[in-house]
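Enquirer: Here are the chains, one letter per residue:
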Amino acid sequence: MNTAAPLPGLTHFLEVCQRHQILLEKEPPTHPVPPAGAPIAGLPFDPMLAVIHSRIGHFRLAEGLTLLRLVDAQGFDLHQVNERWRGERPEPLRSLLVFAKEDLLAYYYATVPSLADARGCQPVVDIDVHAAPHAIPVASDVERFFDTYARYLEALVQSPGFEEDGFAALVFPWDVPELLAADRPLVELLRAGRFDFLLPRDEETRQWVARVVDAA
Amino acid sequence: MNRENIGNGQALLLALLLVGCAGAMAPGTGGSGYEEPTGSWEEARLAEVETALEHLWSIAEGVDREGARLSFTFWVHGGALTLLEHRREQEGRAEGRAVEESSFARRLRPLLTEYLRGKTGEVVVTLRREESGWVMGSDATHLAPRPPEAKTWPVNRRGVSANTRAEALAMASRVAKLLPVPSRGAASLRVEVALEDDRFTDWEHQGYEVTRGGGGPLPLSEKSIEQFARVLLPFTHGVGRRTLYLELHGEHEEQSPTARGMMTVARTRSPASPPEMDPDFAARYRAMHEDILRGWREGVREGAELLARYTLEEMALWYVGGPLTRRAGLLFESVAPTVTRALRRGGTKAAGWLHTSLRRLPQAERAAFDRFWTKVQMEGAEALSHAERQELLTLMNRIERLVRQPLGATERRRLRRLARESFVKLHPGLDELMRSKGPYELHHRRPLEYAHCFPEEDINALDNLSAVGEEIHQGINRVWTEFRNARANPSADEVDKVVDIVDRHFSRWYAQPHAPGESAEAMADATRLAVKEVERLLSGR
Numbered sequence: 037m038n039t040a041a042p043l044p045g046l047t048h049f050l051e052v053c054q055r056h057q058i059l060l061e062k063e064p065p066t067h068p069v070p071p072a073g074a075p076i077a078g079l080p081f082d083p084m085l086a087v088i089h090s091r092i093g094h095f096r097l098a099e100g101l102t103l104l105r106l107v108d109a110q111g112f113d114l115h116q117v118n119e120r121w122r123g124e125r126p127e128p129l130r131s132l133l134v135f136a137k138e139d140l141l142a143y144y145y146a147t148v149p150s151l152a153d154a155r156g157c158q159p160v161v162d163i164d165v166h167a168a169p170h171a172i173p174v175a176s177d178v179e180r181f182f183d184t185y186a187r188y189l190e191a192l193v194q195s196p197g198f199e200e201d202g203f204a205a206l207v208f209p210w211d212v213p214e215l216l217a218a219d220r221p222l223v224e225l226l227r228a229g230r231f232d233f234l235l236p237r238d239e240e241t242r243q244w245v246a247r248v249v250d251a252a
Numbered sequence: 012m013n014r015e016n017i018g019n020g021q022a023l024l025l026a027l028l029l030v031g032c033a034g035a036m037a038p039g040t041g042g043s044g045y046e047e048p049t050g051s052w053e054e055a056r057l058a059e060v061e062t063a064l065e066h067l068w069s070i071a072e073g074v075d076r077e078g079a080r081l082s083f084t085f086w087v088h089g090g091a092l093t094l095l096e097h098r099r100e101q102e103g104r105a106e107g108r109a110v111e112e113s114s115f116a117r118r119l120r121p122l123l124t125e126y127l128r129g130k131t132g133e134v135v136v137t138l139r140r141e142e143s144g145w146v147m148g149s150d151a152t153h154l155a156p157r158p159p160e161a162k163t164w165p166v167n168r169r170g171v172s173a174n175t176r177a178e179a180l181a182m183a184s185r186v187a188k189l190l191p192v193p194s195r196g197a198a199s200l201r202v203e204v205a206l207e208d209d210r211f212t213d214w215e216h217q218g219y220e221v222t223r224g225g226g227g228p229l230p231l232s233e234k235s236i237e238q239f240a241r242v243l244l245p246f247t248h249g250v251g252r253r254t255l256y257l258e259l260h261g262e263h264e265e266q267s268p269t270a271r272g273m274m275t276v277a278r279t280r281s282p283a284s285p286p287e288m289d290p291d292f293a294a295r296y297r298a299m300h301e302d303i304l305r306g307w308r309e310g311v312r313e314g315a316e317l318l319a320r321y322t323l324e325e326m327a328l329w330y331v332g333g334p335l336t337r338r339a340g341l342l343f344e345s346v347a348p349t350v351t352r353a354l355r356r357g358g359t360k361a362a363g364w365l366h367t368s369l370r371r372l373p374q375a376e377r378a379a380f381d382r383f384w385t386k387v388q389m390e391g392a393e394a395l396s397h398a399e400r401q402e403l404l405t406l407m408n409r410i411e412r413l414v415r416q417p418l419g420a421t422e423r424r425r426l427r428r429l430a431r432e433s434f435v436k437l438h439p440g441l442d443e444l445m446r447s448k449g450p451y452e453l454h455h456r457r458p459l460e461y462a463h464c465f466p467e468e469d470i471n472a473l474d475n476l477s478a479v480g481e482e483i484h485q486g487i488n489r490v491w492t493e494f495r496n497a498r499a500n501p502s503a504d505e506v507d508k509v510v511d512i513v514d515r516h517f518s519r520w521y522a523q524p525h526a527p528g529e530s531a532e533a534m535a536d537a538t539r540l541a542v543k544e545v546e547r548l549l550s551g552r
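Same order as they appear, the protein sequences are chains A and B. Going by our numbering, the residue at position 116 of the first sequence is 152; the numbering climbs one at a time, nothing skipped. Going by our numbering, the residue at position 345 of the second sequence is 356; the numbering climbs one at a time, nothing skipped.
Simulated from the structure, these hints should not be mistaken for laboratory data. Please read these numbers as outputs of a predicted model, since none were measured by experiment. One should not assume that every hint holds.
[To be verified] Straight-line Cα separation of at most 30 angstroms, DSBU-like style, residue types lysine-lysine; simulated pairs:
| no. | chain 1 | residue 1 | chain 2 | residue 2 |
| --- | --- | --- | --- | --- |
| 1 | B | Lys360 | B | Lys508 |
| 2 | B | Lys543 | B | Lys508 |
| 3 | B | Lys360 | B | Lys436 |
| 4 | B | Lys436 | B | Lys448 |
| 5 | A | Lys62 | B | Lys436 |
| 6 | A | Lys62 | B | Lys448 |
With the sequences and hints as input, model every part of the structure.
Expert: Right, here's the structure in full:
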C-alpha cells in the first residue's frame with residue numbers, strides 16, 4: 037500500500053478521540069517503518085498497519101486502547117513483544133501479530149497473517165490471555181478495526197451508564213455486536229467459519245458470534 | 012455563666028461574645044465535608060430558629076403557673092439546632108397572666124438567632140414563668156463532644172411533617188397507656204423511645220411506680236397526651252438511630268374524670284458504635300446520611316434526585332451503613348442468604364462488595380434498587396407496598412444468583428476495567444512509578460474466573476489487586492493455567508491455596524516497576540517452582 041493512501045478509519049478514530057478528549061498519549065512516527073509484508077518476529081507485517089505507523093508512532097487512550105511503538109526504549113515494542121509472544125504462546129495464538137493492547141490489562145489486539153486477503157491485509161482479533169487464552173475476531177482489516185472502534189467510543193460516551201461506570205459502561209467487543217456487523221467482510225469470514233480455529237467453544241462466544249451475524 | 016433575668020440586650024452581647032470564643036463555625040461544609048447549598052444557608056438558619064421557637068412555645072404555652080421552670084439543651088452547629096434534652100424542673104404555684112406567642116417569640120428569637128450565627132457546642136436555654144410572662148436565660152459554658160445525632164447543617168423547613176406529628180401523637184398515646192394513675196394518687200414512669208431520623212421505631216418500659224397511693228387506676232387526659240406529643244416532636248429533628256429517655260409523672264385530683272400527666276425529663280441517648288465499626292466508614296456514612304436526610308426533610312422525595320450528586324461507590328456506602336443492612340436478615344435472608352451475609356458484615360468490606368455487585372446489574376435494575384433502598388432508608392421497610400416488597404425481593408434474589416454464578420467474558424472485562432479505574436484513581440503515584448520501567452498490568456490475586464467461589468467477597472477489593480510488570484503477570488497466568496487445566500471446578504479452599512502459592516513466589520514483584528526482560532531467570536524459576544507446588548497440591552502429596 038502506498039504510504040499516502042487515505043486512511044478514513046484511522047482519521048475517524050483520531051477525530052473521535054480528540055472530540056471526546058480521551059487521547060492521553062500521541063506520538064508521531066520516529067523510526068523507519070518496515071515495508072508491508074516484512075517479517076516481524078517471523079510473520080508478515082500488515083500493509084495497513086505499515087501505513088498507519090507512517091502517520092502515527094504511538095497512542096494511548098484514557099479508555100485503555102494502546103498502539104505499540106515500532107521501537108520502544110523500555111523494550112515493549114512491536115518487534116520485542118512479538119518475539120516474546122512467538123516464544124511463549126502455544127498455537128494458534130503464536131501465529132498472530134500483536135500490534136496493540138489494553139492498558140493495564142492482558143487484552144491484546146493482533147492481526148491474523150494466515151487470513152490475509154489478496155492485498156495482504158489481515159483481519160484483526162481481540163486476545164484475552166488472563167485465563168484460558170483465546171481470541172475473537174473484531175475486524176476484517178486494521179482500517180476497519182479503527183473505524184469500528186471509533187464508533188464504539190462514540191456509543192460508549194453516549195451510553196446512559198457512562199457517567200457512572202465510565203469506560204466500563206460498554207465493553208468492546210462484547211457489548212457492541214451490531215457495530216461489528218457493519219463490517220460485512222468480517223461477517224462473511226465469520227459465516228465461512230474462517231475464525232473457528234481461534235474461537236473458544238463456550239456458549240457466550242457462540243451466542244455473541246450469532247448476534248454479530250444476525251445483526252448483519 | 013448561668014444567666015437569668017437579664018434583658019435581651021445583655022443576652023445578645025453575651026451571645027456575640029460566645030461566637031468569638033467557642034470555636035466559631037463559619038458556614039461552609041457544616042463539618043460534614045459536603046458542599047453547602049449555595050444561597051439557602053441563611054434561609055435554612057432562619058427556618059431552624061422559627062422551628063425551635065414553635066416547638067418551645069408549644070411546650071411552654073400550657074405552663075401558666077408562676078415559678079415554673081423549663082430547660083432545653085440544644086446542640087448548635089453550623090446554623091443547625093438539635094434538641095438533646097428537655098426538663099420540666101420546677102412546678103409553679105399561682106396562675107400567671109396569659110402570654111401571647113408573639114411576645115414569647117419576640118424575646119427568644121434574638122437569642123437563638125445569635126447562637127446560630129456561628130456557635131458550635133451545647134447551649135442550655137432556660138425559661139422561668141413569672142406572673143407577667145417568661146424570663147429567658149441561656150448558658151453555653153458546658154463543654155461536651157458533639158453527639159452523633161446532632162445536625163451539622165441547618166434544614167430549610169419550618170416545623171415538622173404531618174406524618175411525623177401523627178407518629179409523635181401515636182407514640183405519646185402508647186406511652187400514656189403505660190402510666191395508669193391511681194385515683195387521688197400519683198405515679199411515675201420511665202420509658203425509652205427509639206428513633207431513626209424522624210421516625211419513632213420502638214419503645215421499652217424502664218419502670219413504673221405508684222408514688223402516692225389511692226383508688227383504682229385512671230387514664231391520663233387527652234390534653235396530657237397532646238402535651239407529651241409536643242415534647243416528643245422537637246426530638247425528631249436529630250440524625251440517625253438514637254433513643255429518647257423519658258420520665259413521666261401523673262397525678263389525679265379529686266373530681267376529675269382523668270389524671271393529669273407531664274413529661275418531666277426527655278433526654279436523647281446515642282447508641283454506642285459497634286466496636287468493629289471502622290471510624291472512618293462511620294464518619295463518611297454519617298456525613299452522607301445527614302446530607303441526604305436534609306434533602307428529604309426539605310421535600311425531595313425521589314430517590315434518584317436525593318442521590319443524584321453521589322457516585323455509586325458512595326451510594327453503596329450509604330446503603331450498607333443504614334438501617335436496611337441491620338434488617339437484611341428479616342427482610343430477605345430467605346431469598347438472598349449470601350447477600351444477607353455479605354451485607355451484615357457492615358463497614359467498608361460490605362460497601363465494596365455491594366458496589367461491585369450493583370455494577371453488575373443493568374441500569375434499569377440499579378435504578379429500581381436505588382428507589383427501593385432509599386425508600387426503606389428514609390421511611391422504613393413498612394413504607395414499601397406489597398408489590399414493591401416483592402420487586403425488591405426479586406432484585407435481591409437476582410444479585411444472589413449473579414454472585415454465585417461464574418463470570419462470563421463480558422463481565423470479566425467490565426470488572427477488570429472497573430478495577431483499573433479505581434486502582435489508578437486511588438494510586439496515581441504508584442501508577443506513575445509502575446510505568447517508569449515498562450508496562451504493567453493489574454493482577455487479581457483471586458482470579459475473576461473463580462469469583463463465584465467467593466460470593467461474599469468483593470473480587471475488585473483493593474487488597475485483591477496487585478500491580479505487576481506485564482511479563483510477571485504472564486508468569487502468574489501460566490501457574491493458573493496449570494491449575495485450570497487440572498481442575499475444572501475447584502473448591503474455594505483449593506483456589507486460595509493456589510493464591511497463596513502465587514503470592515509466595517511472585518509477591519516480591521508486586522507493586523515493583525519492572526522492565527521487560529529484567530529478572531527473566533528469577534521469574535522463570537518462580538514460575539517453575541510455583542507450577543510444581545500446584546502439581547503437588549493437585550496430586551495431594
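Enquirer: Determine for every hint whether it applies to the structure shown.
Expert: Status of the hints after comparison with the structure:
no. : hint                : in the structure
1   : Lys360/B x Lys508/B : holds (22 angstroms)
2   : Lys543/B x Lys508/B : holds (13 angstroms)
3   : Lys360/B x Lys436/B : holds (18 angstroms)
4   : Lys436/B x Lys448/B : holds (20 angstroms)
5   : Lys62/A x Lys436/B  : holds (22 angstroms)
6   : Lys62/A x Lys448/B  : holds (19 angstroms)
Consistency note: the structure conflicts with none of the earlier hints.
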